[in-house]
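Engineer: If you read the protein sequences in the order shown, they are chains A and B.
According to the numbering used here, the first sequence is numbered sequentially starting from 35.
According to the numbering used here, the second sequence is numbered sequentially starting from 35.
What the hints contain is simulated information worked out from the structure, not anything from laboratory work.
Note that the structure is predicted; figures quoted are calculated from it, not measured.
Wrong hints could be hidden among the right ones.
Chain copies aren't distinguished; within one or between two, either way the pair holds.
What the hints assert, rightly or not - Below 27 Å or equal to it, Euclidean Cα-Cα: the simulated DSS-like pairs (lysine-lysine) are:
| no. | residue 1 | residue 2 |
| --- | --- | --- |
| 1 | Lys66 | Lys184 |
| 2 | Lys131 | Lys165 |
| 3 | Lys142 | Lys165 |
| 4 | Lys187 | Lys142 |
| 5 | Lys66 | Lys131 |
Letter by letter, the chains look like this.
2 protein chains.
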Amino acid sequence: MTEKETFMTRAIELSTANIENGGGPFGAIITKNGKIIATGVNLVTRTCDPTAHAEINAIRAAAAALGTFDLSGCEIYSSCEPCPMCMGAIYWAHLDKLYYAGTRTDAKEAGFDDSFIYDELALQPEHRRLKSENLLHTEALEAFRTWKEKSDKTEY
Amino acid sequence: MTEKETFMTRAIELSTANIENGGGPFGAIITKNGKIIATGVNLVTRTCDPTAHAEINAIRAAAAALGTFDLSGCEIYSSCEPCPMCMGAIYWAHLDKLYYAGTRTDAKEAGFDDSFIYDELALQPEHRRLKSENLLHTEALEAFRTWKEKSDKTEY
């Protein structure tokens, strides 16, 4: 078994164990320099937190462990192709590479909305099933102006 | 000022105040039955958490306040069009409606990657700038089979 297969096997083991523990069938691990630095499982129902997907939890744990919001140099192994929420988190965290085992189609067949959300996000807001409305656009620009003019900000 | 303009004004005020507090220029509030039940601001740099966007924080706070991962019946007001991570969270939380003030274009002009991430997610994984690799697909299906066969699971 290659090193990356060993890491993925661990992510899949986490996903299976999490079902036994009353959670969803998803697990993830984050590695740096060939070592596991954080793990995560789906805790949506157990913690009443709709954002508590395996990848989000692993990213939060890795950032806490390293004391930085920038996970450049790290890789993530997920038992399933991440949903758009988790993909967004992977981009924001600047992870170097994503490995995944199951696909969004597998997730859909198991009753999860990943595939639907991908389809929704590809549409312009006015064509999505989620109702949305733009308001006070001019007023919002003021915050961005203040941000751009601030000289001592921490960019991310 | 209409009720929804009052709520959005509050979200924008949070975004502006957050810059003063050393955070990013983003604020969000969640309402239910015409009352604010949770707020959130961007805490990425202050808490070393790349997932700590205003909307994610507001959703987590609302779910904790109501004791449920299902925020049906609630609406979210964000000072800016949510990024794909936060949009995903909005779908998973089953929020009824999204109001936003700034747009992804405004965010891009202020130096944030929202627009880039939308473009990436619309591509097939092999065409994205983020490197990814599918492995152990067969092994992953086992967890989904276990999930589908489990009779006493909490679906979400």
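Engineer: Can you give the numbers of the hints that this structure goes against, from lowest to highest?
Structural biologist: Hint 1 is the one this structure does not satisfy, whereas the remaining hints hold.
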